[in-house]
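As a plain string of letters, each chain reads:
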Amino acid sequence: MSTDLEQALRRALDATGDVIQQPRDDLTAHVVRRYRRRRIAYSSAAGAAVLAVAVAIAGLFGAARDDGPDRTVNPSTPTPTPSATQAVAERVLLDPAVAQPVQIVWPQAIRNLPARLPNGSEYSPLEEVADGVFVVQAKLGFERTGSVYRFTPATGELKLLIDARKLNPSTTRVAPVGKAWVIDGGTMVAVQTLEADGQSSIMYVASVADGSRVTQTNVPGATGEVGFLAWAQDHIVWEGDDGLYSATDPLRLIPGSEGYRLIGQGAWAVEDTAPGIRWWNVATGERHEATAGDASPCYGTTCMIGIGGPSSTSYDIVGFRGPTGRAALVTGYSSASRGSWGDHFALIFYGRADDSDQVVLLFDLRTKKFAMTPYPRTESEQMATAGSNMNLLVLSSSSTAKVVINLNAIN
Amino acid sequence: MRQNGSGRDAAFEEFVRNKQVALVRFAWLVSDGSYAHAEDLVQEALIRLYGRWSDVNDPEAYTRTTISRLNISVWRKLRRETLRGTPVDRAELDRRLDALGGDGRLIRAVRALPPRQRLVIVLRYWCDYGDGEIAETLGCAQATVRSLAHRGLTRLREVWPPPTQTTTQSITGRTA
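Chains as they are written, first to last, in my numbering: chain A, 1 to 411; chain B, 412 to 587.
Since the hints were derived computationally from the structure, they do not count as laboratory data.
On a predicted model such as this, the values are computed, not experimentally measured, just so you know.
We put the CB at the ideal spot given by N, CA and C, even for glycine.
What the simulated footprint calls covered on chain B by chain A, stretch by stretch (three residues with Cβ under 8 angstroms from a Cβ of chain A suffice, anywhere in the stretch; the number is not a length):
1. 420-432
2. 455-467
3. 512-518
4. 521-531
5. 554-561
Extracted from the complex, chain A is given alone in its bound form (with noise of 0.2 angstroms):
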């Protein structure tokens, strides 16, 4: 029987067309024309170079990094606590347009992957865990995911750290276990079992020295498939979708999570109050919280970087100041976008100016290097950057090949 929200729901839904406005009159024009540059793009490596955004991005980085750990800022304090007048004078202009590819500025970091496992499988590569060593996820079938295993490509060795099948050998889903998450710094690799009209799940944590069992959860099936894992000191913590979950007590919301999501650092997760942001680590308690719209880049423990277009765009990107002086966790705030960096890139994603097709700019905040990419492909490449860091971008993948950069290796 339908309720009276459920009614309401369908009028309100109805409703939208009042506050819909029409698309544009040369829409198929317009998307024939993409997809067919884009056909063009994929064939060069470097093909969708052409941007046209100025961005100024304050000095706040370097500044920061005279700072030793335990410096208390004082904004009165005349050196070498930046200012926004420093910040202005030491922008750095990024213009994507003349961008070189990823592969140019930064070539010890790309690393050449063969297109298939020893296997004979195909695979996602997660993380370099150690130099020349990762950690990959076999795919069945179509972007399907299975077995988590370490890899050498040097050597050829493969060991498998989790057989998906023998995991889950009941489930009537197509993938018996969902995307596998690198945790604790490479550590410990993750997988939650996928199963059929919401039966109870597991999130398993596999060892990478070794394969062995480090813990497992079982989870209601209310949980679904989670957003993001995480590790926090001794058990896993997970983004549900009105928060976040741990396997203390997988029942219930972690207190005072509503809202967090986890970004991919660590155990830090960030909340959105516009017209600011608030992070929290979920492992250790530490809190902070910034406020987008604050004219000092770094005052206190806040940090912030304008990004500005050539005329009315505008974001700011707000972190604080961590232990090490630089900004240790930057995290993109806008009223449209939500971001999620390391202390190290940013990763902007940029349509053009005229909203064709999108690249990929990779900025390193300490020596203000960028370099492009085009915009992945398929949605099995951009698994390939959901470890626990995100450190590991495909670059191209193909039938006889794969190239990814490792974020890590560049320093």
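Assemble chain B onto chain A, guided by the hints.
Then chain B, alone, in the frame of chain A:
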């Protein structure tokens, strides 16, 4: 099998002309971004549709599914920043929502739901999808769909009906 080659563009253009408003409405409802973001989702979905036009039997369902998955895909879960050349302007949309009164408030509440709850509500109550179709669209179990719908409706009941409307209905009921 749909036509390919020269007939493709004409058929595709007709499809887009007939469905683009509904598709943008759908994308706007299931996303928490701006109108421009909704248009971007539709464009991306249409690009993928165009590339597979000859293989797709139900282009509208295919496009809706693509929009749904794009909106909750791993890529977007990673919450990377997307910067665009045009500023986001919500003022006009806000004004139009305000003009809808209670319906506008309910739409706002729907759009404030977590992504998967929001998607289930829109597919169920606007697209009239059954739980099986929704499960297929999301790539999850039907029980998960029911759970998401239950949680979404529970949240919406926190804001609906608005206090003044409750009073009015109550008085009207007694009078009747």
